[in-house]
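Novice: In case you want the letters, here they are:
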Amino acid sequence: MVSPNSAATPGPQGNAGEVRTLNDVVIRLAGNSQDGIQTIGGFLARLAGRSDQEVMTYMTIPSTISGGPSIFQVRMGNGDILSSGDQADFLVAFYQHSYESHLSSLRNGGVLIYDTDHVKPNLDDKRFTAIGVPITGATVEAVGGSSKDKGKNLFVLGLIARVFNLDVEKLAALVKERFGGKTEDIVRNAMLAFDAGYAWPADNIRDCFYRFDKATASASASGRPQVTMDGNTALTYGLITAGVRYGSGYPITPWSTIMEMLRAELPKYGGLFVQAEDELGAISYAIGFSYSGHLAITGSSGPGLSLKMEALGWAVMAEMPLIIINVQRGGPSTGMPTNVEQSDLMQALYGSHGDAPRVVLAPRNVEDCFYIAIEAARLAREYSTPVIILTDMALASRIEAFDEPDLAKIMVPPSLDLSPRPADFKPYPLDRITRHAPPGSRIGSGVYPTVTGLEHDEMGHPTGSPALHTKMTAKRREKFKALAATLPVPEVFGDESGEVLLVGWGSTFGPVREALGRLRQNGTRAAQLHLRHLNPLPQGLEDVFKRYRDVIVVEMNDEGLYGYGQMASLLRARYANPSIRSLTKTDGLTFRVSEIVSGVTQRLTAATA
Amino acid sequence: MSAPSTLSPAAPATDRAPLTKKSLTADHPTWCPGCGDFAVLACYYRALEKLNYPHEKIVTMAGIGCSSRFPYFVNSHGGHYIHGRSLPFSAGISLGRDDLHVFVFGGDGDGFSIGGNHLDHVARKNVRLTYVIMDNFVYGLTKKQTSPTSPIGFKTKTDPTGSFDQPINPMRKLVDSGATFIARSHATQVNHMTEMIMRAAQHDGFSVVEILSECVEFYPGAFDAANPRKGGAFPLIDEKKHDGSPEDANRHDTSDDLAAFRLASELWPGRFGVFYEKKRPTKNQLEADLIARAREKTKGASDLQLLQNTFARMR
Ligand SMILES: Cc1ncc(C[n+]2csc(CCOP(=O)(O)OP(=O)(O)O)c2C)c(N)n1
Ligand code: SF4
Ligand SMILES: [Mg+2]
Numbered sequence: 329m330v331s332p333n334s335a336a337t338p339g340p341q342g343n344a345g346e347v348r349t350l351n352d353v354v355i356r357l358a359g360n361s362q363d364g365i366q367t368i369g370g371f372l373a374r375l376a377g378r379s380d381q382e383v384m385t386y387m388t389i390p391s392t393i394s395g396g397p398s399i400f401q402v403r404m405g406n407g408d409i410l411s412s413g414d415q416a417d418f419l420v421a422f423y424q425h426s427y428e429s430h431l432s433s434l435r436n437g438g439v440l441i442y443d444t445d446h447v448k449p450n451l452d453d454k455r456f457t458a459i460g461v462p463i464t465g466a467t468v469e470a471v472g473g474s475s476k477d478k479g480k481n482l483f484v485l486g487l488i489a490r491v492f493n494l495d496v497e498k499l500a501a502l503v504k505e506r507f508g509g510k511t512e513d514i515v516r517n518a519m520l521a522f523d524a525g526y527a528w529p530a531d532n533i534r535d536c537f538y539r540f541d542k543a544t545a546s547a548s549a550s551g552r553p554q555v556t557m558d559g560n561t562a563l564t565y566g567l568i569t570a571g572v573r574y575g576s577g578y579p580i581t582p583w584s585t586i587m588e589m590l591r592a593e594l595p596k597y598g599g600l601f602v603q604a605e606d607e608l609g610a611i612s613y614a615i616g617f618s619y620s621g622h623l624a625i626t627g628s629s630g631p632g633l634s635l636k637m638e639a640l641g642w643a644v645m646a647e648m649p650l651i652i653i654n655v656q657r658g659g660p661s662t663g664m665p666t667n668v669e670q671s672d673l674m675q676a677l678y679g680s681h682g683d684a685p686r687v688v689l690a691p692r693n694v695e696d697c698f699y700i701a702i703e704a705a706r707l708a709r710e711y712s713t714p715v716i717i718l719t720d721m722a723l724a725s726r727i728e729a730f731d732e733p734d735l736a737k738i739m740v741p742p743s744l745d746l747s748p749r750p751a752d753f754k755p756y757p758l759d760r761i762t763r764h765a766p767p768g769s770r771i772g773s774g775v776y777p778t779v780t781g782l783e784h785d786e787m788g789h790p791t792g793s794p795a796l797h798t799k800m801t802a803k804r805r806e807k808f809k810a811l812a813a814t815l816p817v818p819e820v821f822g823d824e825s826g827e828v829l830l831v832g833w834g835s836t837f838g839p840v841r842e843a844l845g846r847l848r849q850n851g852t853r854a855a856q857l858h859l860r861h862l863n864p865l866p867q868g869l870e871d872v873f874k875r876y877r878d879v880i881v882v883e884m885n886d887e888g889l890y891g892y893g894q895m896a897s898l899l900r901a902r903y904a905n906p907s908i909r910s911l912t913k914t915d916g917l918t919f920r921v922s923e924i925v926s927g928v929t930q931r932l933t934a935a936t937a
Numbered sequence: 002m003s004a005p006s007t008l009s010p011a012a013p014a015t016d017r018a019p020l021t022k023k024s025l026t027a028d029h030p031t032w033c034p035g036c037g038d039f040a041v042l043a044c045y046y047r048a049l050e051k052l053n054y055p056h057e058k059i060v061t062m063a064g065i066g067c068s069s070r071f072p073y074f075v076n077s078h079g080g081h082y083i084h085g086r087s088l089p090f091s092a093g094i095s096l097g098r099d100d101l102h103v104f105v106f107g108g109d110g111d112g113f114s115i116g117g118n119h120l121d122h123v124a125r126k127n128v129r130l131t132y133v134i135m136d137n138f139v140y141g142l143t144k145k146q147t148s149p150t151s152p153i154g155f156k157t158k159t160d161p162t163g164s165f166d167q168p169i170n171p172m173r174k175l176v177d178s179g180a181t182f183i184a185r186s187h188a189t190q191v192n193h194m195t196e197m198i199m200r201a202a203q204h205d206g207f208s209v210v211e212i213l214s215e216c217v218e219f220y221p222g223a224f225d226a227a228n229p230r231k232g233g234a235f236p237l238i239d240e241k242k243h244d245g246s247p248e249d250a251n252r253h254d255t256s257d258d259l260a261a262f263r264l265a266s267e268l269w270p271g272r273f274g275v276f277y278e279k280k281r282p283t284k285n286q287l288e289a290d291l292i293a294r295a296r297e298k299t300k301g302a303s304d305l306q307l308l309q310n311t312f313a314r315m316r
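Just so you know, the protein sequences line up as chains B and R, in that order.
Quick note on numbering: the first sequence equals residues 329 to 937 in my numbering.
Quick note on numbering: the second sequence equals residues 2 to 316 in my numbering.
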């Protein structure tokens, strides 16, 4: 872990010809989605992963199918990379619109590389170093033939490799792996474009070159190699590692890639994934799988989660194990399908009807997506309950590198328990947690159980008894108190006590951690507490909150009618602590570190004024 | 590593005491005296006795409605799910466990209105299970509202001057949706009903039986026209025997969907028996084949090795 007081990102500031050493760099590639900038962004991310460097990416994808303006931002370097970076050190602009929309993201002193075939920059603007390269023309010349400007992404990759002194051998290996399945032509053309970019005489232009500081490159603590993937992929393989083999879903961005991967992968593991007719059908298939004895997964994004709600209520009542992933996006309704928001918290916690408690978890980064899927499966089985994983658009598409998990150690084999149940088997015992007996298991008494959404007695018979409804409601609630008792008090990072505690959940973990570093550097006594278990909440939070004059909950949703975001409202209601306050935003973009720093500073000054 | 699907629904249990009405009976039905659903329940017991599947391999599912209370009255594994969604739930059971015999019960509102889209898609996918629709042309549980099969002119609480929306024709809908066994019966015709349920159970695919089951409370006499004891007629479908005889030429070819569609278009009360029966690969089989092909490609790698290889590619 890097100290939160570590110096702010040193950016490249070069004099001509000089080779500068740097710790980390933010490169923003701006073009159109069909230019393959995601592809080279991915290469850079994986290269960083293979070089034991930290990496974090950020992309925006147009929601229109035919493509449109798109960016991919990579931050790579040594030490802890917690956010994708507020400002870019390097901007590669493929088009005039890319230049115009993204110049403001380039920091003063940054470097602009632009395609002279498409971009006319304002050369009087001396805030940046502008390097013009005929990216399109040079690519066409290098590759030749009918492929036109296809390959200019690889040309740019070559150029970047030269400027940052990247490991060309490793990069070439990545390119070959990626295109290896295709015809030889494609690999050859890709390498022609790459080599042309690498060989481009950029040093003739007034510029400097960079090298990552090898000395600080942190070999991973586990000694295991790094793997690089996005959050949806990490969730998918987390589920498989957890022994989940069955599922069902209906397509919706940004959830779809999880269901696509599961559909392709599960048959290899002897399982299957059904594309259902709609989201309520999908959760029903999944509950059917779980009822048949195979813990199953369903998922969606905002509107689709709403459609699942009636069935979720049934799963709570019938106490069926189930995993539900919700990849949050901007809402309500179709909202902003390719933007990020954390506005489904209340829906995840309280959606459906009646008193319907369930487990809600939120991963804090890509690596955590993998491990939280395993935890979700364990909790679903142990407490015979639906578990919702609240991830979001930012985590879904963000690529990060992390230590390869020790799969042999953590893999859970799928299991189907059809053992005969004793004569005194009860489907809904009042003195124990429910253990579902799937069909195929013989029951000693010869009396077979009916699982049901009607209020029921211990044997599953419908009941209208007021006393039983009270007892059964308590049974469905108390198991989560038992679960809460097993959750450790979340780690507090930073000052033991002081002026402000920053509380976050989900994908804001990285930017909040970086913001904390800056606040403490400025002399504020501050700390961070990040929640992964949103329902039930871990114990001991009230004591942590009391140690700080202010508790500011940072989240990406609306401040609502009363001035508090969804988690802030929840914590205020739960702990009745007036120091709990709120920092929210609803622009559909991830938090920038500077936004958190200034938002928190503002609130602190307002509090002392 | 989980074993690939074997597609072997449990064979009749010969090594045990046979299933009896007694062993299959659970709670006493809560239906109104005289409700047609009692007879459907009795025929289900009879069919199960004859089929004699291992008791623990029988699953009795339902949605919500008077008819959907069914699972409480049957001693078998089962569930009472939510209104209209019992089919995808049951399809999950069938696809998850090829050894089980899955039966689903429900009403006309449950199946054709709120669950109409699920019915179309589970039928299209030809998931192996048996679906019995107890059609009473009315919403019973919620006390007499218009159902998607209510005839034009029928007075309900939601159409006090008489319903005027075009009712659906269940047989035509089912032929169109792609169900591979489609039959129709009447709750007063016990032998016929039992036979239809048994043939449906033995069909390898999505089988559905619509049973006209009178709601004596809210639509008495609805099906008298097809009840010989009430002066009606119970015309049976004469199924083609493919024996080359001259009379066979006029019989109904159950593998012909257009003929089934025409038969379903006859005037009320129409015909009873098997409208359509076709062998088409089940989703259960196609998914099992997909798994087999995927596993062939992985050349016997264990789950752990597969996963390790995948992670190695992401280094
Ligand atoms: C989501 C939902 N909407 C409405 C209801 C109320 N409801 C219960 S049963 C039913 C209709 C029952 O009619 P049918 O399916 O024909 O069954 P019957 O009672 O006639 O056997 C309705 C509207 C419900 N339980 N759930
Ligand atoms: S209301 Fe009608 S359908 Fe319901 S139990 Fe009574 S008779 Fe049967
Ligand atoms: Mg009805």
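One or more hints might be untrue.
Claimed, not checked - Residues on chain R that point at chain B, a partial pick, calculated with CB under 10 Å:
#: 1; residue: Lys22
#: 2; residue: Thr31
#: 3; residue: Pro34
#: 4; residue: Ile83
#: 5; residue: Leu101
#: 6; residue: Val123
#: 7; residue: Ile153
#: 8; residue: Gln167
#: 9; residue: Asn170
#: 10; residue: Ser266
#: 11; residue: Glu267
#: 12; residue: Leu268
#: 13; residue: Gln286
#: 14; residue: Thr299
#: 15; residue: Asp304
#: 16; residue: Ala313
As the list claims (entries may be wrong) - The calculated lysine to aspartate or glutamate pairs, modelled on EDC-like cross-linking and capped at a C-alpha distance of 16 Å, are:
#: 17; chain 1: R; residue 1: Lys242; chain 2: R; residue 2: Asp254
#: 18; chain 1: B; residue 1: Lys498; chain 2: B; residue 2: Asp606
#: 19; chain 1: B; residue 1: Lys803; chain 2: B; residue 2: Glu710
#: 20; chain 1: R; residue 1: Lys280; chain 2: R; residue 2: Asp257
#: 21; chain 1: R; residue 1: Lys300; chain 2: B; residue 2: Glu710
#: 22; chain 1: B; residue 1: Lys478; chain 2: B; residue 2: Asp523
#: 23; chain 1: B; residue 1: Lys596; chain 2: R; residue 2: Asp290
#: 24; chain 1: B; residue 1: Lys803; chain 2: B; residue 2: Glu824
#: 25; chain 1: B; residue 1: Lys754; chain 2: B; residue 2: Asp785
#: 26; chain 1: B; residue 1: Lys809; chain 2: B; residue 2: Glu732
#: 27; chain 1: B; residue 1: Lys596; chain 2: R; residue 2: Asp257
#: 28; chain 1: R; residue 1: Lys284; chain 2: R; residue 2: Asp100
#: 29; chain 1: R; residue 1: Lys58; chain 2: R; residue 2: Asp121
#: 30; chain 1: R; residue 1: Lys298; chain 2: B; residue 2: Glu638
#: 31; chain 1: R; residue 1: Lys58; chain 2: B; residue 2: Asp745
Just so you know, the hints here were simulated from the structure itself, not pulled from any lab data.
For glycine and all other residues, C-beta sits at the position ideal for the given N, C-alpha and C.
Novice: Given the hint that Lys58 of chain R pairs with Asp745 of chain B, does the C-alpha gap stay at or below 16 Å?
Specialist: It holds: about 14 Å lies between the C-alpha atoms, which stays within 16 Å.
Novice: Are the Cα positions of Lys498 of chain B and Asp606 of chain B separated by 16 Å at most?
Specialist: With Cα atoms ~44 Å apart, Lys498 of chain B and Asp606 of chain B exceed 16 Å; violated.
Novice: Any CB of chain B closer than 10 Å to the CB of Asn170 of chain R?
Specialist: Cβ of Asn170 of chain R sits 21 Å from chain B, so the hint is violated.
Novice: Against chain B, with CB atoms and a cut of 10 Å, does the hint on Gln167 of chain R hold up?
Specialist: At about 23 Å, which exceeds the 10 Å cut-off, the nearest Cβ of chain B leaves the hint on Gln167 of chain R violated.
Novice: Can the hint on Asp304 of chain R be confirmed by a CB-to-CB distance to chain B that is less than 10 Å?
Specialist: This interface hint holds because 5 Å falls under the 10 Å limit.
Novice: Given Leu101 of chain R as an interface hint, is the shortest Cβ-Cβ distance to chain B below 10 Å?
Specialist: Where the cut-off is 10 Å and the nearest Cβ of chain B is about 5 Å from Leu101 of chain R, the hint holds.
Novice: May I ask you to test the interface hint for Lys22 of chain R with respect to chain B, counting a Cβ-Cβ separation under 10 Å as satisfied?
Specialist: This hint is violated: Lys22 of chain R lies away from chain B, its Cβ roughly 14 Å from the closest one there, beyond 10 Å.
Novice: Against chain B, is Ile153 of chain R within 10 Å by beta-carbon distance?
Specialist: violated (29 Å)
Novice: Does Lys754 of chain B pair with Asp785 of chain B here, judged by a C-alpha cut-off of 16 Å?
Specialist: holds (9 Å)
Novice: For the pair supplied as a hint, Lys298 of chain R and Glu638 of chain B, is the alpha-carbon distance within the 16 Å limit?
Specialist: Roughly 40 Å between the alpha carbons, so the hint for Lys298 of chain R and Glu638 of chain B is violated.
Novice: Holds or violated: Thr31 of chain R as interface residue toward chain B, Cβ cutoff 10 Å?
Specialist: Since chain B brings a Cβ to about 9 Å from Thr31 of chain R, closer than 10 Å, the hint holds.
Novice: Holds or violated: Lys242 of chain R with Asp254 of chain R, Cα cutoff 16 Å?
Specialist: holds (8 Å)
Going through the hint list in order, the structure does not satisfy hints 1, 3, 7, 8, 9, 10, 11, 12, 13, 18, 21, 24, 26, 27, 29, 30.
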